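**Student:** Here the sequence shown is numbered in the UniProt record's numbering, starting from 1 and rising by one per residue.
Be careful, since some hints might not be right.
Here are the computed lysine-lysine pairs in the DSS-like style, where the Cα-Cα straight-line distance is at most 27 Å [said to hold, decoys possible]:
1. K270 / K65
2. K409 / K65
3. K277 / K409
4. K303 / K270
Each pair of labels, with its calculated beta carbon distance range [unchecked claim]:
5. E378 / I69: 27 to 37 Å
6. R375 / Q235: 48 to 58 Å
7. Q235 / E378: 30 to 40 Å
8. Q237 / A210: 30 to 40 Å
9. G233 / K277: 38 to 48 Å
10. D30 / K65: 49 to 59 Å
11. D30 / A110: 41 to 51 Å
12. Q316 / I108: 25 to 35 Å
13. D144 / P284: 48 to 58 Å
In short, the hints are calculated from the structure, not lab data.
Note that the structure is predicted; figures quoted are calculated from it, not measured.
Just so it is clear, CB atoms sit at the ideal spot from N, CA and C, and this is done for glycine as well.
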Amino acid sequence: MLIARLLATKFAVDVFEAGDHIGGHAHSVDVDIPHQASGRSGVQGVSADVAFMVLNRRTYPNFCKVLSILGVDTQESDMSLSVRCFRSGLEYQGSSLNGVFAQRRNLIRAAFYRMLRDIVRFNSLAREFCESPDGGLSLGGFLDNANLGREFREQYLYPMSAAIWSTDPAGMAAFPAKFILGFLRNHGLLQINDRPQWLTIAGRSRRYVAALTSQMDGQIFVRTPIIGVSADGNQVQVTSRDLASGNQVVSNYDHVVFATHADQTLNLLKDSSPLEKAVLGGFPYQPNEAVLHTDMSVLPVRKRAWASWNYHIPEQTSDRVSVTYDLNRLQSLGLSHPLCLTLNPNCSIDSTKVIRRFEFQHPVFSAESIRSQQRFAEINHQRGISYCGAYWGYGFHEDGVNSALAAAKPFGLDLQDLRRPVLQSSGRAPSARLQTIASGSSASDSGASSVTA
């Protein structure tokens, strides 16, 4: 929505959304939670985010500027990680000494101390590596060269990294080392002290989405997926479908901005060039199921090992990351017990405690995707088409903002234009019509929406 709001200061803008609400991974839901107080049972209504959740001022500078301009407040978040291994029974939580040794037998386990030793070595070696030239080394290659042990990899680094990117833990070894280690360094995860204070949006992410859309003087079409886009050099033809009526509508625009996932964009482009296919085809995606529930049995057995992010190592090898987020901790919901969001559950969740289910798509980064990122300028603002999305960076909200700014730059727009009001109809040039196509943002984040400016 940021690119749409910026374009709307100069052009007529239409927004097409495949889902029933605007926002993509900024997805807030209202739920009723069973609640007990003073011996009485009842329900407590809360609003919670189920996709995007946290930010910090150090590594989300432009997103923080967006929130400041929009007048959206933040509040402190509790960011901590636990690991629970269903194979060995191992449990620990990294935010305190009591949490690290939540399982008291770890005090006398040599393997556990080897893991702690390797964490210290890894942090030092990774910081040095980030200052060296990129030789195309994979994360697994870096770990092999550093002679870092299996316990460290399987019970610390891969769980943490897989939880961050919502991706297959077994595939983490193939990730580009520079990509992973650079991110960890920038976010203060290669050091014990001086880590950034993590924040969450007060009132949930719907607040900033509402602030962006409230000034839009144009049309926002929800439940209206894009079927196809083609460009003839003069105008861009967009075919959409109204899910309510089933009718298809063909519209012509001067420019289209895709804010869909890369694979969705490629599917929507009916006349994509070999260059567009090569660049956009470098970003594979993985579907992830998310279950919102109140079943605390998925958390570590020992309460002192509970954390904001609770990673599960299953009994059998799995190609899906599984982690439970405690939304109460992460978003300061004020509940008396955890509100859990489990990604790809690998253990049984009590069906009577399930609130809602969602499906999201997340990019899987590789050496090929890094090469595609470096070719952004070759396809952006060509043939009347531009692109934005978090996949052009690390896959987070700051990257989405930065890509929107890159897409806005050829139009002479930057972040300060967010302070400008949306032009009224009488002040627009009627021929200046642009469109942005963005991911559907319902339970399945897989449709296409567009902004026409």
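**Student:** Hint by hint, say whether it matches the structure.
**Tutor:** Comparing the hints with the structure gives:
Proximity of K270 to K65 is assessed by CA-CA distance (about 36 Å); at most 27 Å being required, the pair is judged violated. At most 27 Å may separate the alpha-carbon atoms for a hinted pair to count; K409 and K65 meet this at roughly 17 Å. For the suggested pair K277 and K409, the alpha carbons sit about 23 Å apart, so the restraint of at most 27 Å is met. For a cut-off of 27 Å, the pair hint linking K303 to K270 is broken: about 53 Å separates their Cα positions.
In this structure, E378 and I69 meet the distance hint of 27 to 37 Å, their C-beta atoms being roughly 31 Å apart. For the hinted restraint 48 to 58 Å between R375 and Q235, the CB-CB distance of approximately 25 Å leaves it violated. Checked against the hint of 30 to 40 Å, the pair Q235 and E378 fails, with Cβ atoms roughly 22 Å apart. Judged by the Cβ atoms, the range 30 to 40 Å given for Q237 and A210 holds: they are separated by roughly 31 Å.
As the Cβ distance of G233 to K277 is approximately 18 Å, the hint placing it in 38 to 48 Å is violated. Distance hint for D30 and K65: a CB-CB separation of about 29 Å, inconsistent with the stated range 49 to 59 Å. As the Cβ distance of D30 to A110 is approximately 49 Å, the hint placing it in 41 to 51 Å holds. Here the CB-CB span from Q316 to I108 is close to 28 Å, well matched to the stated 25 to 35 Å.
Range check, D144 to P284: about 25 Å between beta-carbon atoms, so the 48 to 58 Å window is missed.
Checked against the numbered hints given earlier, the structure breaks hints 1, 4, 6, 7, 9, 10, 13 and satisfies all the rest.
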